[in-house]
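Go ahead and model the full structure; you've got the sequences and the hints to work with.
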Amino acid sequence: MKAKVVDGNGNLLSSVTRRDFMKFCTAIAATMGLPMTAVPKIAEAVTSPKRPSVIWLSAQECTGCVETLLRTGHPTLDTLILDLISLDYSETLNVGAGHQAEAHREKAIAENKGKFILVVDGAIPVKDGGVYCMVAGKPVLQILNETAPLAAAVIALGSCAAWGGVPSADPNPTGATPVHEILKGKKIPVVNIPGCPPNPYNFLSTVIHYLTFGKLPALDGKGRPKFAYDRLIHENCERRPHFDAGRFAEEFGDTGHRLGYCLYKLGCKGPETYNNCSTLPFNDTPGCWPVATGSPCFGCSEEKVGFHSPLFSKAKVIFPTPPAQPVDAVPEKGSGAQKFAYGVAGAAVGAVAVALATRGGKGDGSSSSGE
Amino acid sequence: MSINRRDFLKFSAGAGLMLSAGAAPAQAAKTPELPPEAVGILYDATLCIGCKACMVNCKKANSERGGALYHQDTAGLIPYEYNEPDKIYDAPQSLSEKTLCIIKAHRDDGKEALPASGEQHLSFLKLHCLHCIEPACVSVCPVAALQKNPETGIVTYNKDRCFGCRYCQIACPFNIPMYEWSKASPSVVKCQLCNHLYAQGKYSACCEACPTGASIFGKVKDLREEAKRRLALKPGETYAYPVKRVDGNERTEKVVSKYVDHVYGLNEAGGTQYLFLSGVTFDKLGFNPKITDQVYPDYTWNYVAAVPKLIATLLVAGTALRVVTQKLDKNKNESGKGDAT
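Protein chains in written order, with the numbering used here: chain S, 1 to 371; chain C, 1001 to 1341.
Worth flagging that the hints you see were computed from the coordinates, not collected in a lab.
Below, computed lysine-lysine pairings styled on BS3-like, alpha-carbon distance capped at 30 Å:
1. Lys1098/C to Lys265/S
2. Lys1060/C to Lys316/S
3. Lys1087/C to Lys226/S
4. Lys1254/C to Lys1219/C
5. Lys1098/C to Lys314/S
6. Lys304/S to Lys1087/C
Structure, rendered in structure tokens:
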């Protein structure tokens, strides 16, 4: 295996030990929930000299998705874009600029027709012919419509590309539209990897699944890879025991918040957001995701939740489960009778008091006032 | 004309035949006998950690097609019970038309000193239909909507037969059948031991979900043996408890805690297919101490068995009376007419 690694990309992988490399392959397999037998396959796929061409289009976006990807630990960005994939066009990472970059994009598309992966980050403005996002004098809507039919697969990276994200928030002045809606009529498979930004490993795992098996991973009804998005954040949340026990932070900075209680009442959208934030540390950094830092999840990766529902509004619990406190096996009885008895006693005391008062009143006026 | 001797004898013979026919199904009180392939659940409260995975899985599995909570109009929706305005917990307070299985808890808060018997301060209880060997609900159901499967012994409910008399609710000593009071066309709801899952090679959802082996599914014979084996264990020993199924390979080792020397359900109400082991006495777990080993249908069997006889007698006597009075009337009318002309 080592020889193969060096053969393929000797100069680039010289700093990567075989151990580190296999660790990377294992981690990728684990992310996707693949068996360990898939690890050698992955190793073979990622060291194959035929690197798939990737065209990366950016529309209405903040570059957060690319920035996150730049900070991955395994593989590092250079391994990714130089060894695993052939990143032929990316506005952020292009070496060339201007006409040179555009010419390279066209050349790469022509060379890899039907084989390249198209990654889109950012929402696509459609209002007024898409003039609100222009690249090289062309609306990005037109570029997407021209490029997507030639691609093998389209990956919509980030919530903007997947759902519309920030640019589509009310009142959506530019008509920002998710990628899958634009390509709906063309029957082009679109993988949505939502998140703001998404965990880069969800993206990398999807790409490597494609490299290894030649097909996209299993997707859910909304086009999201199931290995990452088939469970609610709430289901695996590290603060879940507090939720079940009814221990909530009531406001920011209160005792409950300091003690790490559940953030549901502060507006945490974990109970309605599908993502693997609570199980896969963001960019290999444990404890850096919002809930761990004490900030409620705002549902960035869920359609119509992030950027669409108020930040501190309570989430709808999609899958309610019983609370931690069970009901009593023998329910307490007789409390009603007890209360009734107290009531009767109270009424009796009152009646006696009234009777005494009336009696006092009936007596001599001067003496009663003195009493 | 009055009826002649011949007609009278004919009626008498017919009535006698009908009486004997009606009496044929009426037998003496049955002794409880376990169906050959009886399946059930053994719940060991000393293993239960109160995680309620069984409650969650029960609702999920029974909301599927064929499940006891499945309704055509709410197909695929899980019925939740909200008790708080936020609607965040599925928090049933007891068994209900939306909850077939519930975990309850006995807590004495440690106020009393530990009883000399070594009883626990805390114990859970998982409650659902006990699937009696001689179920009272089946015996009172006038339309056989509730039936006991002759093979598996599962007490099943057929929505299409039920006409809503709710005798089963009154008859059940364990308060298990629940009624959908909130619905326009209600049915009775009770655990049917997930019998819709057996065809798929699955079994009771509560046992499938139980992580500790507190609830195990299996044949009642095996479960009874397992329960007796556990009672013979000494506290402090280590025992490999079966998990999920009594006949499965999955086992978990645990130090044995002290049991109350009784298997609830072995004889109670004539025996049930759901058996309980516990570290605290069963009345503390909410079992009515008035429930004895008495077979419930036997209470009423002498009366119920007479019902077909009664009906047959009434039918025959009524018919005879009708025929007699009809003939008498006819004679009277004929003679009356003769007078008038």
